[in-house]
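**Student:** Chain order of the listed sequences is A, B, C and D.
Residue 274 in the numbering used here sits at position 274 of the first sequence; the count goes up by one each step and never skips.
Residue 1312 in the numbering used here sits at position 312 of the second sequence; the count goes up by one each step and never skips.
Residue 2030 in the numbering used here sits at position 30 of the third sequence; the count goes up by one each step and never skips.
Residue 3455 in the numbering used here sits at position 455 of the fourth sequence; the count goes up by one each step and never skips.
The set of hints was computed from the structure by calculation and includes no laboratory data.
Some hints here could point you the wrong way.
Sample of chain D residues at the chain C side, in silico, Cβ under 10 Å [said to hold, decoys possible]:
no.: 1; residue: L3066
no.: 2; residue: M3071
no.: 3; residue: C3211
no.: 4; residue: R3261
no.: 5; residue: P3262
no.: 6; residue: S3270
no.: 7; residue: L3276
no.: 8; residue: S3308
no.: 9; residue: Y3315
no.: 10; residue: G3316
no.: 11; residue: T3317
no.: 12; residue: D3350
Sample of chain B residues at the chain C side, in silico, Cβ under 8 Å [claimed, not checked]:
no.: 13; residue: I1133
no.: 14; residue: H1135
no.: 15; residue: N1149
no.: 16; residue: I1152
By construction, the Cβ of each residue, glycine as well, lies at the ideal position given by its N, Cα and C atoms.
Here's the letter readout for the chains.
4 protein chains.
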Amino acid sequence: MKTMREIREECGVFGVYGTRKENVALLTYYGLYALQHRGQESCGIAVNNGKEILLHKDVGLVQEVLTEKIMDSLGTGNMAIGHVRYGTTGNSGRANAQPLVVKHLKGTLSTVHNGNIVNAFQLRHALEMDGAIFHTTSDTEVISYVITNERIKKPEIEDAVLSAMDILEGAYSLILMTENKLLAVRDKHGFRPLCYGVTSDGTYVIASESCALDAVGARFIRDIRPGEIVVFEESGVYSIDDNCGKAEEALCIFEYIYFARPDSVIDGYSVHKARLRAGAFLAKDHPVDADIVVGVPDSGIDGAIGYSCASSIPYGTGFIKNKYVGRTFISPAQKMREELLKIKLNPVRDVVSGKRVILVDDSIVRGTTSARIVRLLRDAGAKEVHLRVTSPPFVNPCYYGTDIDSKDNLIACKYSVNEIARIIGVDSLGYLNVEHLPYIADETGTKKYCTACFTGEYKTDIRNVHKYCFE
Amino acid sequence: MKTMREIREECGVFGVYGTRKENVALLTYYGLYALQHRGQESCGIAVNNGKEILLHKDVGLVQEVLTEKIMDSLGTGNMAIGHVRYGTTGNSGRANAQPLVVKHLKGTLSTVHNGNIVNAFQLRHALEMDGAIFHTTSDTEVISYVITNERIKKPEIEDAVLSAMDILEGAYSLILMTENKLLAVRDKHGFRPLCYGVTSDGTYVIASESCALDAVGARFIRDIRPGEIVVFEESGVYSIDDNCGKAEEALCIFEYIYFARPDSVIDGYSVHKARLRAGAFLAKDHPVDADIVVGVPDSGIDGAIGYSCASSIPYGTGFIKNKYVGRTFISPAQKMREELLKIKLNPVRDVVSGKRVILVDDSIVRGTTSARIVRLLRDAGAKEVHLRVTSPPFVNPCYYGTDIDSKDNLIACKYSVNEIARIIGVDSLGYLNVEHLPYIADETGTKKYCTACFTGEYKTDIRNVHKYCFE
Amino acid sequence: MKTMREIREECGVFGVYGTRKENVALLTYYGLYALQHRGQESCGIAVNNGKEILLHKDVGLVQEVLTEKIMDSLGTGNMAIGHVRYGTTGNSGRANAQPLVVKHLKGTLSTVHNGNIVNAFQLRHALEMDGAIFHTTSDTEVISYVITNERIKKPEIEDAVLSAMDILEGAYSLILMTENKLLAVRDKHGFRPLCYGVTSDGTYVIASESCALDAVGARFIRDIRPGEIVVFEESGVYSIDDNCGKAEEALCIFEYIYFARPDSVIDGYSVHKARLRAGAFLAKDHPVDADIVVGVPDSGIDGAIGYSCASSIPYGTGFIKNKYVGRTFISPAQKMREELLKIKLNPVRDVVSGKRVILVDDSIVRGTTSARIVRLLRDAGAKEVHLRVTSPPFVNPCYYGTDIDSKDNLIACKYSVNEIARIIGVDSLGYLNVEHLPYIADETGTKKYCTACFTGEYKTDIRNVHKYCFE
Amino acid sequence: MKTMREIREECGVFGVYGTRKENVALLTYYGLYALQHRGQESCGIAVNNGKEILLHKDVGLVQEVLTEKIMDSLGTGNMAIGHVRYGTTGNSGRANAQPLVVKHLKGTLSTVHNGNIVNAFQLRHALEMDGAIFHTTSDTEVISYVITNERIKKPEIEDAVLSAMDILEGAYSLILMTENKLLAVRDKHGFRPLCYGVTSDGTYVIASESCALDAVGARFIRDIRPGEIVVFEESGVYSIDDNCGKAEEALCIFEYIYFARPDSVIDGYSVHKARLRAGAFLAKDHPVDADIVVGVPDSGIDGAIGYSCASSIPYGTGFIKNKYVGRTFISPAQKMREELLKIKLNPVRDVVSGKRVILVDDSIVRGTTSARIVRLLRDAGAKEVHLRVTSPPFVNPCYYGTDIDSKDNLIACKYSVNEIARIIGVDSLGYLNVEHLPYIADETGTKKYCTACFTGEYKTDIRNVHKYCFE
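Kindly generate the complete structure, drawing on both the sequences and the hints.
**Tutor:** So, in structure tokens, the structure goes:
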């Protein structure tokens, strides 16, 4: 249950390239709306209308920031890019919102970014030594600087990006917009997803996830390959693959388990199916005699169904989530805090009362939310609660664009599985076996993933990662 | 799928009676938040602080109308009532919002109402003949007038309400607040639900549905009986049952099928279980060879699970609903309208592609939404689509507080089941057999319901129901 | 300086009657905007579009409440009425906002009212005895009841109003809107102003003050006479004067001194000229040797110019008022409160420094604001400060629609002129001589006024005025 | 009358330096509120709390942008700077809002700027050649770059600013905030005003105009001298005057005539007194036999009083300005546009009717507003209208921070005085004689001003001023 937002994806990106002036801003709006789960703190759209770049970005959900009046002011154009960003606290939110639009010697560059540059601190310091000033604390501004500085020396933006890809280390799925081109760029490891499609009007659409292509009625064409640059320009679409195959593939496995929407297909594998399979592995690895399998909404549901199918224990709707929750909801005062969960998430008493319940969730971070949910089930009369988790224990920080950062906050760094079970208050606890991870999306186990948060196997050099990079 | 809002409940009511001053407004806020599904047009809270009634109501969701600033202005008190109301269009929204607070000869009367008075037009005309003026077009103002006019002649509010119950015909679950009492009143037929409970602090809580008691951490005590008045006052809680058993019980069966939240228990029967059972009946009555059962979110999900269990055909997550939808979402222009559904509801391709799909929904009104959803499945590759509906066909208007009003808009009034199947584009169509209706909630079939919209068997005289009553 | 709002007018009214559908709401908007000085708490517009009455009213300034979206929703029509209301505190603001629209036996009646009914309590009690319920605490609802109850017995609204005028005692300038007529009504004493005019399109416009006719480009026709009903209907405009001349004329003299805008002409006399003349009287009655005459913005400016002309002491701009003040301005915390005045009102140092200053203000209520303004002058270097007030001392409450209510708050009830001078910190203090009052507007002294707040000579029986009437 | 906003100042700046943590943000809020007349498009505040810079800026008035919630989020600190900016149209508003906060090699630099850099285009191009990227189109970002690039080479910010002053050409009154210092900087010519003072708490306050010092209760100390840097730091306040006396003084004379508030004192001369004197010069140069002198509110009022005193023709209040105007006011449609002026500005009929009127205004730009105001007077019955203008004709663009930019829009570039009189519809027209300009503020005529817009005598080389500089 992520109403507590224990882990957050950093971003979702979206881009549109049309052959004539049209409402590219509205297409981007719908695309961002479909990607809203990837970031709820801020969002923005930049439209290229052939004469200038019109930009609006602010703190808030897509529907809050991009009002009808704002959308009108963005007008029409033949290119646009958009971004949703996750929530940090504090005043930096608006300054760090994207797209980032900068003017440089050879024009204008607009950038949206999903990921995290691990050598951003070093790059930034070097730039400052040369006189650069920064308006934000975001690594996206570093990316812009690196690309525009390469651009001074190169005849074309493509060349500048190719060079920049040798300088930038870490995770980046980018969409870049110049005066007359759109570029979709995925880092050499392919840490974060990125794909594109085309609408029936022939308008190209680029998105973090395929569900955003669906949302705008576009036909999926293919994923951008790790290391690839796909260029959208007047003469057509072409691929620059000089950097492809230069590094080990490392798509974030947690995209399948939690970040992505179940109706998305990433690098050829269905997110929904991966979750079912994770549930099925759990049923095999951690069987238990029980009456009902329930999932923690929303991301535990598919795992629960998978567990149920594999175990033949019936699946049930364990909780009703209040769907009217919003930003302005008044939270209960401290003394009522324990009740908060029930306001947002209420167990269905007759499903669990008197039952031995298998509860499926996608992950455990601190354990506090899990403990509360378990208590809800017990209060509703569950006789036993067996927690099954569709991921292995988190034991390492992530440097590639999520906020699983500190070992101090990870319950699995401090306690054994048995201890965690006791803390959370469950009768048994089973995590997904780490060996099954490669098989949840690709049954054959051929595709390679980044599983560093579970295994500690980082695909880039992280010895010099500076704290700065997590701001 | 009710994102198209084909049918609407008219209201949800909530009340709090405490023995000392406390934040009754905030309790009401949480209660209304849990009842938001019963009405999204307007809402309001009236607080009795011992000296005066503070009221705020407006058009909008609970979180939009009842901001932190407004909640602060309502202060503390020992009684409060609140209301959520469904959406009509036009300017009348704010005027008709509730609670309705009126001053009369013997004090102040605050009223919240769920239901519909079928003789409101006649009562209103008679009152106007006597010089009454009306500020709203709502039957709630008629109720207030009838009760306060009785009150002039009676020593106590309870007596006035008892008399008024002989005058008011139709559906009404009321909470009334006077200077020092709270009254929960349910019409003689018990058309609409109403129950009460108590918090660990000893504060009494009244609500349309038990899920709202859960939301505020209150223990469910019991349902208000049809015809009963339950009085909450300083000396305690007592029941006036003079009007109980005077009319045939007639709880709206559609509360179980669609209106109520699955985690609510109404008149002793679980809403969730009733939906499972409706799905199971469908599996028995309209079996079909298929690969997967999916439900239309949110209210078709339980029916699909019930169908799956009874048929042993696997249950799957057929659709992902975008959960960030809000009031300010910019709708696509006409030419993109067909895509709208995908923005809000996207099929999970790998669940349905190449499959024979059983699609479970709660009802069909006009059929247009169903047709669109079916098309989504076909576009996503479903080989066959078999629609199963957890209610019988709508063939009659409802006069008791929902907006199933005109035969012209009911597809089942104009077409046979086969024709509807063809119009909607499904391979087969099966409705819940009307004979099973009495068994979905109460397995023994003992409890009596209002099923007029399906059967035409009205429990009150509707020959003189005036069009006015549906405003 | 009324940024402290020591005295408040209760209301401004505006009405439009056109012969064809047009944007009557927008005309009303501009009219209310010109009358905003008569009430800043709440406002509203009711439009009659031939089929129904569309109403919007709320707490706030005209521009805050009547947004473009709201104005669009009010549509076109051939009649509209509007209202601005002064500021009370608390939650009652919205409930008591006007227009008041009620449905009665013979149709709909929409009312806007400026004034105060002195027998409202008695009338209300009698109505309640007959079963009436009230939604507001405003005497406007009593007016609506009295008129609609008369209407039951009478064939036409005009007859009902004529009868009602014998029942309603006190001050009332009303605009009433029925299905097909607009009525402008002024009480028999003519306490509050009311006039009408016509636009070049032939649309009739009724307003509290002539400045609102100017604002909509209407030509002033004449004032409504005390006791008169002017009816605007399809066949034309006609006057019912049965109640004219039945009571002593008693226009509130304070309209000239403070309430009305200087560019308005009331009952034939210029407000601006009346203020100049009041200043001139002060120069004659309370001469003093000085270097400069300055006025307290905005309502003391004209008095200062009048004093200057009559005394030949130069006039100067003594203060600059910050014109960007708004509702959301953050007030300084207590310790900075003394500085507040300077933020909003800053003396022009070189005008007053080293000078003997004559300061002209329109009135003194509690004296606290005057004291602060005097201190500002002294801090800016004024050698002497001589305060001249363009009204006599307030010594009695007003029952006719202003909030000069309690003797406890009136400094002149407790202290002599000399004591007040000392308290306020001025070198000399001179009030307008009460004998000059009748000559400030009408030089001949023929016109009769209500001067009760200064003289105690009430024109209606106030022995039974109930506290209720001032809510 | 500047409701038509024919000319606009570009900015107002404000800064606070305290010796301990306090509510510097609130002080800045009040300071900006007092400077609101210098810019209504956008505003912002940056607070230095010893650990980080908290910034908020947006499009809107001070009260709209800096809400209580935002102010709370800015917290306390010992330094803050703030800015108000004038209104351009389009999306660039928010991006160009100030303060501009940048991170550079040696820390953070926050800048607010009033003025215009005439060689900004050249500087920007050179920076871009070196790899710089720009986020805004504002010359303030160029200033930040120039200073931070100098900073790399210099040990202290003061040295960097001294060097930068040799690079930056044009008008700039700056407040710079570093980690531990506040710097007030005025360009060598002193085009724009800048002064500082101290509160009774010992907190230093810097402002564009002295009225802002008054607003926060600070005692005026002195103006910053042209070319001077005043440094506020822990050890005290000190002045760097290396650049003083290096260029001809050139305070914008139009600050006295129109931009500044009359209660401000600039470089030792009272704005109010300068306006009176300009009016008096007009009386001498362009006498006419008339009955009344009136001023166009607000900036023509003082000129009118000055004319009246010098001519002994009585002064009168010619117009009433509606003081409730705000951003959300709904403007009349085209066909009613002519009436717009009356809504906002209504003549006082009895002051002007039948009179020979002398109308005093501060300037004529296009002439359209003047023509409308003259028509208002004629419609109100003025027999003659003689327009007197307290400035000479505009015939040249301004490059120093106002928007008098194009000769095409200046009526005086195209027509003779007689022709303008005919176009505007006045009986006679008299401008301030250009020879009197140097004497309006400083009676001795010693002080030097920039009068380029009237005389064409620019104090900097303007041959290479690029169009870019006016964005």
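**Student:** If a hint holds in the structure, say so; if it does not, say that too.
**Tutor:** These are the hints, each one checked on the structure:
no., hint, verdict
1, L3066, "holds (8 Å)"
2, M3071, "holds (6 Å)"
3, C3211, "holds (6 Å)"
4, R3261, "holds (6 Å)"
5, P3262, "holds (6 Å)"
6, S3270, "holds (4 Å)"
7, L3276, "holds (9 Å)"
8, S3308, "holds (8 Å)"
9, Y3315, "holds (6 Å)"
10, G3316, "holds (7 Å)"
11, T3317, "holds (6 Å)"
12, D3350, "holds (4 Å)"
13, I1133, "holds (4 Å)"
14, H1135, "holds (5 Å)"
15, N1149, "holds (5 Å)"
16, I1152, "holds (6 Å)"
Checked against the numbered hints above, the structure breaks none of them.
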